[in-house]
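Student: Sequence:
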Amino acid sequence: MLYLFPAAIIALNAKSKKVVILAFALTFLFENYFLHRDGYYPLYFTKIEIFNLVIRFLSTLLIMWLARSLRRSQLRVNFLANTDSLTGLWNRRCARIAIEQSLAKLENRRETFSVAMIDVNDFKKINDLQGRAVGDQVLTKVAHLLMEFLSDVVSCCRLGGDEFLIIAQNYDELK
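In the numbering used here, the protein residues as written are 1484 to 1658.
The hints are simulated quantities; they were obtained by calculation from the structure and are not laboratory data. Where hints are given, some of them may not hold.
Said to hold, decoys possible - In silico SDA-like pairs for lysine to any residue, Cα to Cα no more than 20 Å straight-line:
1. 1607 x 1596
2. 1607 x 1590
3. 1624 x 1602
4. 1608 x 1624
5. 1608 x 1598
6. 1624 x 1599
7. 1624 x 1596
8. 1608 x 1643
9. 1624 x 1638
10. 1607 x 1624
11. 1624 x 1634
12. 1588 x 1646
13. 1588 x 1598
14. 1607 x 1619
15. 1588 x 1602
16. 1624 x 1643
17. 1588 x 1638
18. 1607 x 1646
19. 1588 x 1603
20. 1588 x 1636
21. 1607 x 1620
22. 1607 x 1551
23. 1624 x 1646
24. 1608 x 1635
25. 1588 x 1639
26. 1624 x 1574
27. 1607 x 1634
28. 1607 x 1617
29. 1624 x 1612
30. 1624 x 1611
31. 1624 x 1609
32. 1624 x 1571
33. 1607 x 1636
34. 1588 x 1571
35. 1588 x 1576
36. 1624 x 1653
37. 1608 x 1646
38. 1608 x 1638
Generate coordinates for the entire structure from the input sequences, incorporating the hints supplied.
Tutor: Structure representation (structure tokens):
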């Protein structure tokens, strides 16, 4: 008696190349599922068995898609929680974490770090006279200038209002 692989059985009845490719992919993915206890592959499958295989395959794709979208959402939430929405710089929370990490490195490995605070002079006057839209543009311009001026080793954070914080690791190496 001739025993055919399941993909061959499905492919014999298939009318399109996509179904044939899907049948061979299902056989490759679920080969042990098709194998009987006696060590042979059955000659026929019921529609329910094929339906179950398709559901398994689609469920796997759905789980992969959901895991990917969950990871993207987690990254987005993390980005929104750690950055200032106006300037794109780190926010106060990230500044606190960076300083705590720098202090831990200072205690453990004797690495140095420097902190500088920048305050925009007379910013309240700009906001009062020109309006908040102009004040936001000034803050954004200051943030872009800081990012241009500072290297990748130096962290720049916006603490709030018109206050910015710069954290430099191993300042001696930066000279």
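Student: Hints first: check each against the structure and report whether it holds.
Tutor: Going through the hints against the structure:
| no. | hint | result |
| --- | --- | --- |
| 1 | 1607 x 1596 | violated, 31 Å |
| 2 | 1607 x 1590 | violated, 39 Å |
| 3 | 1624 x 1602 | holds, 14 Å |
| 4 | 1608 x 1624 | holds, 17 Å |
| 5 | 1608 x 1598 | violated, 27 Å |
| 6 | 1624 x 1599 | holds, 19 Å |
| 7 | 1624 x 1596 | violated, 26 Å |
| 8 | 1608 x 1643 | holds, 17 Å |
| 9 | 1624 x 1638 | holds, 17 Å |
| 10 | 1607 x 1624 | holds, 16 Å |
| 11 | 1624 x 1634 | holds, 17 Å |
| 12 | 1588 x 1646 | violated, 25 Å |
| 13 | 1588 x 1598 | holds, 14 Å |
| 14 | 1607 x 1619 | holds, 12 Å |
| 15 | 1588 x 1602 | violated, 27 Å |
| 16 | 1624 x 1643 | holds, 15 Å |
| 17 | 1588 x 1638 | holds, 16 Å |
| 18 | 1607 x 1646 | holds, 12 Å |
| 19 | 1588 x 1603 | violated, 30 Å |
| 20 | 1588 x 1636 | holds, 15 Å |
| 21 | 1607 x 1620 | holds, 14 Å |
| 22 | 1607 x 1551 | violated, 45 Å |
| 23 | 1624 x 1646 | holds, 13 Å |
| 24 | 1608 x 1635 | violated, 33 Å |
| 25 | 1588 x 1639 | holds, 19 Å |
| 26 | 1624 x 1574 | holds, 17 Å |
| 27 | 1607 x 1634 | violated, 29 Å |
| 28 | 1607 x 1617 | holds, 11 Å |
| 29 | 1624 x 1612 | holds, 18 Å |
| 30 | 1624 x 1611 | holds, 18 Å |
| 31 | 1624 x 1609 | holds, 14 Å |
| 32 | 1624 x 1571 | holds, 11 Å |
| 33 | 1607 x 1636 | violated, 31 Å |
| 34 | 1588 x 1571 | violated, 26 Å |
| 35 | 1588 x 1576 | holds, 19 Å |
| 36 | 1624 x 1653 | violated, 27 Å |
| 37 | 1608 x 1646 | holds, 15 Å |
| 38 | 1608 x 1638 | violated, 28 Å |
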